[in-house]
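Trainee: Going down the list, the sequences are from chains B, C, D, G, X and U. Going by numbering that gives the first Met the number 0, 53 is the number at position 54 of the first sequence; the sequence numbering is gapless. Going by numbering that gives the first Met the number 0, 98 is the number at position 99 of the second sequence; the sequence numbering is gapless. Going by numbering that gives the first Met the number 0, 122 is the number at position 123 of the third sequence; the sequence numbering is gapless. Going by numbering that gives the first Met the number 0, 140 is the number at position 141 of the fourth sequence; the sequence numbering is gapless. Going by numbering that gives the first Met the number 0, 124 is the number at position 125 of the fifth sequence; the sequence numbering is gapless. Going by numbering that gives the first Met the number 0, 152 is the number at position 153 of the sixth sequence; the sequence numbering is gapless.
For the record, the hints were derived by calculation from the structure and aren't laboratory data. Hints should not be assumed to be uniformly reliable.
Where chains are identical, the list cannot tell them apart; a pair therefore holds if satisfied intra-copy or between any two copies.
What the hints assert, rightly or not - Dumping the calculated SDA-like pairs for lysine to any residue here, alpha-carbon to alpha-carbon at most 20 Å:
hint, residue 1, residue 2
1, K235, Q194
2, K235, E193
3, K53, I255
4, K12, I255
5, K257, E212
6, K53, S216
7, K5, N242
Remember, it's a predicted structure, so these values are computed and weren't measured experimentally.
6 protein chains.
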Amino acid sequence: MFFHTKELQYNAKPSNPDPVYAKKLQEILGGQFGEMSVMMQYLFQGWNCRADEKYKDMILDIGTEEIAHVEMIATMIAQLLDGAPAREQDEAAKDPAVEAVLGGMNPQHAIVSGLGATPTDSVGYPWNARYTVASGNLLADFRANLNAESQGRLQVVRLYEMTTDPGVRDMLSFLIARDTMHQNQWMAAIEELEQNQKAIVPSTFPQALEKQEVSYSFMNFSNGEESSQGRWASGKSMDGLGNFEYIAQPQAMGQIPKLNPSPAYMHGTTMPGQVIPGMDQANFEENQPNNDLH
Amino acid sequence: MFFHTKELQYNAKPSNPDPVYAKKLQEILGGQFGEMSVMMQYLFQGWNCRADEKYKDMILDIGTEEIAHVEMIATMIAQLLDGAPAREQDEAAKDPAVEAVLGGMNPQHAIVSGLGATPTDSVGYPWNARYTVASGNLLADFRANLNAESQGRLQVVRLYEMTTDPGVRDMLSFLIARDTMHQNQWMAAIEELEQNQKAIVPSTFPQALEKQEVSYSFMNFSNGEESSQGRWASGKSMDGLGNFEYIAQPQAMGQIPKLNPSPAYMHGTTMPGQVIPGMDQANFEENQPNNDLH
Amino acid sequence: MFFHTKELQYNAKPSNPDPVYAKKLQEILGGQFGEMSVMMQYLFQGWNCRADEKYKDMILDIGTEEIAHVEMIATMIAQLLDGAPAREQDEAAKDPAVEAVLGGMNPQHAIVSGLGATPTDSVGYPWNARYTVASGNLLADFRANLNAESQGRLQVVRLYEMTTDPGVRDMLSFLIARDTMHQNQWMAAIEELEQNQKAIVPSTFPQALEKQEVSYSFMNFSNGEESSQGRWASGKSMDGLGNFEYIAQPQAMGQIPKLNPSPAYMHGTTMPGQVIPGMDQANFEENQPNNDLH
Amino acid sequence: MFFHTKELQYNAKPSNPDPVYAKKLQEILGGQFGEMSVMMQYLFQGWNCRADEKYKDMILDIGTEEIAHVEMIATMIAQLLDGAPAREQDEAAKDPAVEAVLGGMNPQHAIVSGLGATPTDSVGYPWNARYTVASGNLLADFRANLNAESQGRLQVVRLYEMTTDPGVRDMLSFLIARDTMHQNQWMAAIEELEQNQKAIVPSTFPQALEKQEVSYSFMNFSNGEESSQGRWASGKSMDGLGNFEYIAQPQAMGQIPKLNPSPAYMHGTTMPGQVIPGMDQANFEENQPNNDLH
Amino acid sequence: MFFHTKELQYNAKPSNPDPVYAKKLQEILGGQFGEMSVMMQYLFQGWNCRADEKYKDMILDIGTEEIAHVEMIATMIAQLLDGAPAREQDEAAKDPAVEAVLGGMNPQHAIVSGLGATPTDSVGYPWNARYTVASGNLLADFRANLNAESQGRLQVVRLYEMTTDPGVRDMLSFLIARDTMHQNQWMAAIEELEQNQKAIVPSTFPQALEKQEVSYSFMNFSNGEESSQGRWASGKSMDGLGNFEYIAQPQAMGQIPKLNPSPAYMHGTTMPGQVIPGMDQANFEENQPNNDLH
Amino acid sequence: MFFHTKELQYNAKPSNPDPVYAKKLQEILGGQFGEMSVMMQYLFQGWNCRADEKYKDMILDIGTEEIAHVEMIATMIAQLLDGAPAREQDEAAKDPAVEAVLGGMNPQHAIVSGLGATPTDSVGYPWNARYTVASGNLLADFRANLNAESQGRLQVVRLYEMTTDPGVRDMLSFLIARDTMHQNQWMAAIEELEQNQKAIVPSTFPQALEKQEVSYSFMNFSNGEESSQGRWASGKSMDGLGNFEYIAQPQAMGQIPKLNPSPAYMHGTTMPGQVIPGMDQANFEENQPNNDLH
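Next comes chain B alone, as it looks inside the complex:
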């Protein structure tokens, strides 16, 4: 169960309205790696958590914090939209600066939400739940989380560069700091889990069952061998169980595929002379009066 506190977690007050920037800021609200994504991702990971209580609690702590981040950014966007020139006025229409603002705004901020934040990204694409990950395997999911916080902090930093408004930058500096913490947090949790199990997810699958000849081979599918110069192409593998090998000219190990013709009732392509299973042309014609094909 949840409770709401009226104060925001941190200040969210722009120094000036800026409807064009409001459109861009939507990316970290409702984009692929916006706050809605981490909020829903962490909440679902927490609710589905079948591991130790300390993980469930930790995940729900951060999930609950993220709701507050969504709240801050939504509040900021609503204020950035204050007084947006969404009405056509004869005089203003002649001013190219006003026109540029009108052109650069997200029109739905005026028509649909009435100068409110929308659960969409910076091109107006609505948030959807396929942005989230909750697999039931915490090591896998903590890697998803580390990625989400990395992409997220990168985007916030880019947005920080795109404005000089002190109020906006103040809020962003808070979010950037929290993302510093959250990257650290997931790195710590990953380290802890990797000490309890193998580094390769899932660690419970017996490696004897995988095709081990190719478990540590880097395959060079482009001409040129620049890719041989990296850590991934030689030396001990990262899981400590093998050695990287560089395959300069990988060979196909499988068959040339040849599919059977589909049965007659599929009405696929018929080649002249091809025998289709179940397609007996004489019988085919005769059965027609029965209003049943075969």
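Guided by the hints, dock chains C, D, G, X and U onto chain B, whose structure is given.
Mentor: Leaving out everything else, chains C, D, G, X and U in the frame of chain B:
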């Protein structure tokens, strides 16, 4: 530019058709973490790569390999669908086993693709490009890649458990091994990049500009303090630049938000007695005959 | 800012696992009118609210409650999936009952979420933000909310009928009761707003500016006049400002549309003899060597 | 069956082309509450209607009218796009006014539709069928319809404010008037149905089966009690069957959820020392040579 | 403007309810090539038509017919769902046949639409407007239409094979016949347009401006030359303006791409020693106290 | 299996950066008819191909070529974005030209992809797999392919008109030429298949089973008879098996639909006096204490 070789990278031949399993196998073809996702993710990361050639080459090597994985799984699915009982026959309809197959199949495998693989997941949801990540920051993206290979291998392993068909398992054992390599590969690449820059993405943002008071604080937003027991709650931070701190009772640091009323031309909610900017009721009425509101 | 309490708002414990029912229950979690929709809808309405504080507070109260409903249903689904027979076992495969369960489950509950709830509906379609409404006009939005609670309670009732599990029914009886309250709540809020403004949304648009000849006319666009028998076809209009009128044979009042040909650089359809603006055939040919069309 | 009349229901002729406004006008064609939504919503409600013929007829009357509204707006958009400067010309490129138009247009209006209307909203997002509601319960659906007409009229009014083109405003004044009627119509139909059944949807579920202790309680999940000041917090409930009650400090009534570990074949997170059902480590290893896990 | 006639264009009466088949039949209602697609595609092509009136009229004739097809199939589905066993009953639950029906049904047919048709396909995916095509070039669009009617008739035929219900087959036999006509119709319209312009769309682009060396070359990008055996690999080209040529070993004609590093404010990957435009490390540090990066 | 060659198939080098044009160019990369669509469409058609090897080989040849086209356009877009003014600078902000660029750019090109191409269209909508067609019937699919190449070439030509950059035009002139070939190629393949089977897809359905009275009738559903003037309204049908007939006043041939009331457990609309199957009001009340409705 690309060239195609007719042989598959590895065998993709089921021992028996199994249309119900074909539906499930679609997950690793066209699902969020299926082969189409890593194929497109790596290709776009490679094409957009602005870093050293060895990274671009490496990323495109693996991207090109993933096209071959899509090919293998698509080929496998088409064969699993061979002879699917997609036609109603009076006798068969009485057989509950046949009925169960009909009920468990993806109907689009019969109606839409004519017993072919579809670019969709195990519930028939089409693949879309928001599954991919290419941010221009390789450390961020390699974390996305490590996550993708972790989720991917987990799903392949689960599908391995869901069949006993030796041919299917043979192919999956190959994919599992390649995912072992690919997790290792991205771990190696991450390690290499972290040696050249700080661990926190993006490493180029001056930390002095973030709100450093909260850069290493774990905030406890649930009742109970189980979350204090993890590596993330105390000790040196993972980036080596701070110490984790556990905030048992986090306080709000921001304002109680209060938004201005929207301008009259937005036609938002009007409260009795509320003064709306630009809304001059007398003037409002007078101007109506001009067919222009204000 | 938000806080989490570990106890659920109400019990969410099934008497028995039931993976097929888990799939159906997803509808009221991540469907068009599931709890995720009202949760996000109310939170955004609250954060964007520019009206009196009592409305903002009320909306955020219910929005915060809905997070708890999402939590309850997610928790219920995870338990309904307990021990789902997601692995192929030779013996079980011969049992049609097990096969039916396997066929009726959402395969992503096994492959993707590892027996956890997913932010999707009963056919596996992911939740998306276009399910929500927050227009900046509270009367409009409260009608959206009344609709959401009506559709929602209807779906919960239908799901109540689809199970006999006492634990599931216990949780659903709580949700049904809350939806009774929530329908009442929005009806009350609507009544209050309608006393402050006109019933037609938005109430601030001067009716003199609309084409008033057709403001109260019911138009009969089907043969037959059964539609004349309703309250909407005669008598005082509901806003008290007009009288309903039944137009048995509505007439077209507009032009026969005739569009201009598109300019030459659009490369639309060219009719023989048609004069296209900007398309001067002689000039067209001559300019080709300049590598520029016109 | 349907017939088409060449004349439009009302005039749809702009006084001047305006490609930037064409982009905005798309919202009420293909947006969440655009005319395509009400058209498809009413048609499906009508076709699925299992109630009295007068309802079916009424719903299909209005559904058929809405096709004509889609036609009018599509026609208007095509004309607003007439002569859009979609081609790069050296001279024009230097004119910031032309550039602003180019930047403000929807590029698909030129590249994809060749200066025609598209079935998308004002940010280019395609219309989809999850915008519609047809539940089989007319009271629920009429509330959906009243909401749709409220949101719709609000958006048309906002678009009216965003232009001064007399031709566009003329068409919009017609649509606004029809939406006045349609809000009145659904209010009338709702009143009629509420007289035949209880106001709470669905009225056929026995209230004794719901958890009646919470059927009329407003729960205050935020600090502060501003929400107690509304009609929803005290007095007779709107359905006349109870009294509103304000719960200032709502208590959790449910369990602290604790999920079982998932079975071994799910390969979820394994905690050290945790006993996983079906995971017998010794046996686990032994079975590997059989190429079958268990 | 449109009018509705109560009679269906053709009979739509199943001989028996069949909820599992109802799910499948949704494909031709709300699928990629279902009747909703052609209905909306033709209506938008008609409304946007800038060519001779006979084309606009023809397109709107068929578009109007397709609304009637949507109506027929929706009506059929609602009847196929009659009496669907959507409620759990203790006795029935033990019957595997009932269970199979429950498993095979689309759960939304019960929970969401209350035994009505839904605007979705056979896996429950909602119809969306990206299924439609209206480019402003009729020859291009008529090819889209011929494709739609080809895919559509194929799917209807497959659905005909999947049932033996005489009532359903009767309706399908009508739709199949209309699709025969509609394929013929678009072929005729294509032939007519190709007589007025060149066969290659768009015919108005001066061929001198295209890279003509590769305008008629078939390039063999797979090993093996089976593809040389077709009509496309030799002989006169279909537009009569060239000769097909088979390139057994196509060569790359372009550069090896090398992208510039991104500017510092993008925070992309930084390579050791790499000079980033605008990134002056000394200056970078100094400016930090100004709370502005550069 | 696939191999990558570092050289591009053709040059992809702009003469100058142009971030606004980069946004538009996305249409032919990730739009409905962009190169990603034909790439995935041809690859899936090839992998699923059950016909003669020469078709499979041919389809995969062109599918492999299309990967190279995606690569070229992605590379071009990344270069067009070089040095995009994505950072706010006080001086530049005052320059309306810079502002226009900022407003016209896709914000995700800066925030999300860091100046790289994205797998989206010109309005930022992500590519999805419902853009592709692979039905198992090659004649149907080759018509889809001919349409895709027609729409595609039309869009490339329009984009050619929208720029004067010689480098961009050079690349586009190559793509236009290849689309000339590809339209020719599919026309050739269609001709070949039509010589082996009937022109109407699918050719294997016995025409005796369709409702042949309406197989060649053009039905006039609009007032006015302009549509009678086309090739489709009279003369021999295109399949050579009938004669076109013009039905000036088409008549309904079906029933007036009347649906049964839904069962009580669906909780649909209840009309006063209506008898609902299974709804016995007396019994209804009595059973309530049993916590089970009926």
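Trainee: Which holds for K235 with E193 at a C-alpha limit of 20 Å: within a copy, between copies, both or neither?
Mentor: Answer is both; intra-copy 18 Å and inter-copy 18 Å each pass.
Trainee: Within a copy, between copies, both or neither: where do K12 and I255 come within 20 Å Cα-Cα?
Mentor: between (63 Å within a copy, 11 Å between copies)
Trainee: At most 20 Å between CA atoms: does that hold for K235 and Q194 within a copy, between copies, both, or neither?
Mentor: both (18 Å within a copy, 17 Å between copies)
Trainee: With identical chains treated as interchangeable, where does the CA-CA distance between K257 and E212 reach 20 Å or less: within a copy, between copies, both, or neither?
Mentor: neither (26 Å within a copy, 35 Å between copies)
Trainee: For K53 vs I255, is the C-alpha pair at or below 20 Å within one copy, between two copies, both, or neither?
Mentor: Between copies only: 14 Å across, 51 Å inside.
Trainee: Can you tell me if K5 and N242 fall within 20 Å by alpha carbon in one copy, between copies, both or neither?
Mentor: Result: close neither inside a copy nor across copies, 56 Å intra and 28 Å inter.
Trainee: Given a CA cutoff of 20 Å, do K53 and S216 count as a within-copy pair, a between-copy pair, both, or neither?
Mentor: between (38 Å within a copy, 17 Å between copies)
Comparing the model with each numbered hint stated earlier shows that hints 5, 7 do not hold.
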